[in-house]
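Enquirer: Starting from the structure of chain A, add chain B with the ligands where the hints point.
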Amino acid sequence: MSTTDVLLIGAGPAGLACAATILAHSDLSVVVLDAGHGPGGQYWRQPAPAAGPNALVPGELADLHHDQTTFAELLQEVQRGRAEGRLELRSEQHVWSLVPVGDGYAAHTVDRAGGPSRTAGSTTRARAVLVATGAYDRALPFPGWDLPGVMTVGGLQALLKAGGVAAGRRVAIGGTGPFLLPVAAGLARRGSTVVGVYEANRPTLWLREARAVARNPAKLGEGAGYAGTLIRHRVPVRTGRMIVAAHGTDRVEAVTVARLDRAGRPVVGSEHRLAVDAVGVGWGFTPQLDLAVTLGVDRRPDVAGTEVVAVDDLQRTSRPGVYAAGEVCGVGGAALAVAEGTLAGAAIVADLGRGAAPESLVRQGRRSVDRLRGFADAILRAHPVPAGWADRLEPQTVVCRCEEVSYAAVRAAIDERGAGDARQVKQLTRTGMGWCQGRVCGYAAGLLTCGAPGPAVERLVSAPVPLGALADAAAGSDD
Amino acid sequence: MTRAVIVGAGIVGAACAEALTRHGVDVVVVDRNPVGSGTTSRGEGNILVSDKGPGAELALAQLSRRAWLEVGDLLGRERIELEEKGGVVVARTGAGLDSLHAFAEGQRAAGVTALDVADPLALEPHLAPDIPGAVHYPEDMQVQPVLAAAELLAAAVDRGATFRGGLDAHAAVTDSDGSVSGIRAASGEVLEADVVINAAGTWGGEVSERLGAPVPVLPRRGFILVTEPLPPLVRHKVYSADYVDNVGSSDAGLETSCVVEGTRRGTILIGASRERVGFDTSLSVTVVETLARQAVTIFPFLARVNLLRVYRGFRPYCPDHLPVIGPDPRAPGVIHACGHEGAGIGLAAGTARLVSDYVTGGLTATTAGEWAALLPDRFAGLNKEARQQA
Ligand SMILES: Cc1cc2nc3c(=O)[nH]c(=O)nc-3n(C[C@H](O)[C@H](O)[C@H](O)COP(=O)(O)OP(=O)(O)OC[C@H]3O[C@@H](n4cnc5c(N)ncnc54)[C@H](O)[C@@H]3O)c2cc1C
Ligand SMILES: Cc1cc2nc3c(=O)[nH]c(=O)nc-3n(C[C@H](O)[C@H](O)[C@H](O)COP(=O)(O)OP(=O)(O)OC[C@H]3O[C@@H](n4cnc5c(N)ncnc54)[C@H](O)[C@@H]3O)c2cc1C
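Top to bottom, those sequences are chains A and B.
All residue numbers for the first sequence refer to the UniProt record's numbering, where the first residue is 1 and numbers rise by one.
All residue numbers for the second sequence refer to the UniProt record's numbering, where the first residue is 1 and numbers rise by one.
Selected chain B positions facing chain A (in silico; Cβ < 10 Å): (1) Asn-33; (2) Ser-37; (3) Ser-41; (4) Val-146; (5) Leu-147; (6) Arg-265; (7) Ser-282; (8) Ser-284; (9) Val-288; (10) Gln-294; (11) Tyr-311; (12) Arg-312.
Selected chain B positions facing chain A (in silico; Cβ < 10 Å): (13) Pro-34; (14) Glu-289; (15) Val-310.
Label-pair distances were calculated between CB atoms; the ranges are: (16) A/Leu-147 to B/Phe-301: 32 to 40 Å; (17) B/Ser-179 to A/Gly-102: 47 to 55 Å; (18) A/Gln-396 to B/Glu-83: 23 to 31 Å; (19) B/Asp-26 to A/Gln-396: 39 to 47 Å; (20) B/Glu-189 to A/Leu-147: 45 to 53 Å; (21) A/Ala-120 to B/Asp-158: 50 to 58 Å; (22) A/Arg-238 to B/Arg-235: 51 to 59 Å; (23) B/His-126 to A/His-233: 52 to 60 Å; (24) A/Gln-396 to B/Val-190: 45 to 53 Å; (25) B/His-126 to A/His-247: 40 to 48 Å; (26) B/Glu-83 to A/Pro-395: 25 to 33 Å; (27) B/Asp-158 to A/Ser-270: 39 to 47 Å.
In case anyone wonders, no lab produced these hints; they're calculated from the structure.
Even glycine gets a Cβ: it sits at the ideal position worked out from N, Cα and C.
So here's chain A without its partners, still in its complex pose:
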């Protein structure tokens, strides 16, 4: 077991910004735990060491890792903290539980570095803890979505960022939201033919959000950059369209795209089929709340009804000593995560009475958070899941892939047994009881039952842990 002043869970933009702030403005000791291969999170994802010596070095992927300056600055700060012995960054450490102990918290971790057979557990205690565990991308079932070659856009992007490889030569991208564009652009730059980006919503929705957009010219610039790339590579971006089916025998060979009417329902007769060898679909992101929910911190619904951690204006949660920043407080991009991480750092040094961040830093951070959160809300409002997303599901379409539960079985639970929420569907059909613990199918189950994502699911164990590692820990505590 190790002890530190502050424990940061997640080394993405939010966690790193928090670490840098604490190091710069206090003498507190910091431990950062992250499940990934290196610091950076989703945004500045590092290639896996397993990718071997031929993998691209991060520099060559610069176009995929935006805002390298910020990353470099944060990393420099982190390196300095390490050199001074004040900060420890532990990668490949997956926190499976975070529990209150005495006047602080204990994180129980599995070590993924040794490979599956050599997993060990460890415990880190701290007085203050930041939950900066990010978000994971959302999938919705459609006929053929379980074929090899069909992925989430996040999965496509992760392949690119981690290994520099494209998932296919002819790729269709579908779903909704601004993150479809950078993924399409990244694929196009790596030589894939992106046959189309099918954005379910229509840009007219943006007009209503003009204010938030106007306050965020940088974001527009980012979007324009991708648009430029897409135009250069002749990637068609079609709005009001949805991928309604994937076809193939051993892997995906084609998709069917349909036009959506004003109400968001696929129009009969509007379908056309395209040959592809990979598909990426994304319907936004779900905050990774497992640790926060188990700790029992207050949550609030975002503008689209997804539960996120509720925080005050300095990222304090309802539990003393627990802070949250980044996507767990609402999906909103890397710049917002950095701003929130900075504020959380300022709050932690102040609350532990071990320093003070400059007023100006806090003021500036708060202004950024307000502005960027407004922008994020605008994006969420402009990119709802279309009402007719489930119209083309077939009875045999698999909803829960781990447990192989069909749409027909889920419908029966709802229509014949009155299941009114995702939990009840799970109890009656096993949807969400498998390996992914509902991270893939839970969103769909929520929408099918009550038309909304529903409350965050409680997962007392936030990552798989070998029983042997737990048994060893029990043996250890007896000594």
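Expert: Leaving out everything else, chain B with the ligands in the frame of chain A:
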């Protein structure tokens, strides 16, 4: 026609609804939540005789086992995943084996089939090789509790019962003579009834107070571990013998003695801890680690298997660890059916038999015979004290 309002659509309330509609009773089941979403969705589906020593609870378990088999034939065993799987209790030490044998002897006298197993590995090939001995209980069964509750309720609804979800039973409607003639919902709506059945499980204490007939029902927390899916490696329900001692204990501290079993989908369930910590929902890492360690001791192969999920529930228990089943003399019209602790799934079908006998007049407090030990009047004077303890 007799009209019954059942408060609680857990396994007990659903089983009562099914049994009562069989006898032509007009039934309304109310629950503030969906069917089976309370403690019924938080446990395992063991229907056991193996863990009970001679007495009223064992008698109820034996009645209930027969009743479950009938329910299985009625609803379709497959639909509710009712399986006559059998249990194996393994001793971990020589001394443990002696007390296990003595315990089994007493059970045999009460009519339980308990077979001494000389070679445990022949029954369960992946057991630790140093297990000194075991007892096989072929009568132990299992069921999927939420499916069973949903199907029982659906069967009752098919026979004319009504289910009112999202309805909180707020208070009793009491006549001038003190008898209860219905319930009032939190919304103010009144449901009239000749009998009100308190099947509110862990919240049975609260509901009993609202009905003017308080019985002490307290929460006892339990955690269950679920692994990743595997090919079938565990054939029976396998318990370590110390389970037998834990069940009857009222020690407030943590007790774990593991029960390992494979499910149809290949996951392995490892249960269950017992702690009296009120409704504390936090995760106890110590419990998880202790259960893991015990499971690995019995089945060494589990060391390499991933834990995927932990879930938790609060068993409804009475201070004497017996359920409370029967009419309450303080509030005529009220029948309790709660406080089944860690055996409410197993005991539900038998409980429903007793309740329907009390409603239809086949059984009364004075003719209760062996079931008298379960009547609520055993708590006279005890209520306050028990509530203070909680
Ligand atoms: C496909 C895609 C494209 C995107 N494109 C853009 C873009 O163009 N512009 C933009 O601004 N943003 C973009 N984003 C979003 C951006 O990546 C996020 O906003 C940002 O990374 C959020 O930072 P964070 O620190 O909150 O979380 P993350 O970056 O997700 O970091 C969370 C970290 O926590 C770790 N973690 C989680 N749980 C645990 C645990 N239990 N134990 C240990 N570690 C844990 C994870 O391993 C991860 O490293 C994109 C995201 C995706 C997926
Ligand atoms: C970890 C664990 C493992 C277990 N393993 C087993 C096992 O293997 N075998 C076994 O037999 N038992 C087991 N049990 C015990 C079993 O789960 C319970 O005894 C059983 O579920 C109780 O059922 P019930 O119908 O009485 O209660 P519940 O299922 O809790 O139903 C009570 C219902 O009443 C409703 N309610 C409460 N108050 C009100 C109100 N005021 N108005 C309206 N509705 C109300 C609730 O919403 C709830 O749905 C286990 C329990 C736990 C926690």
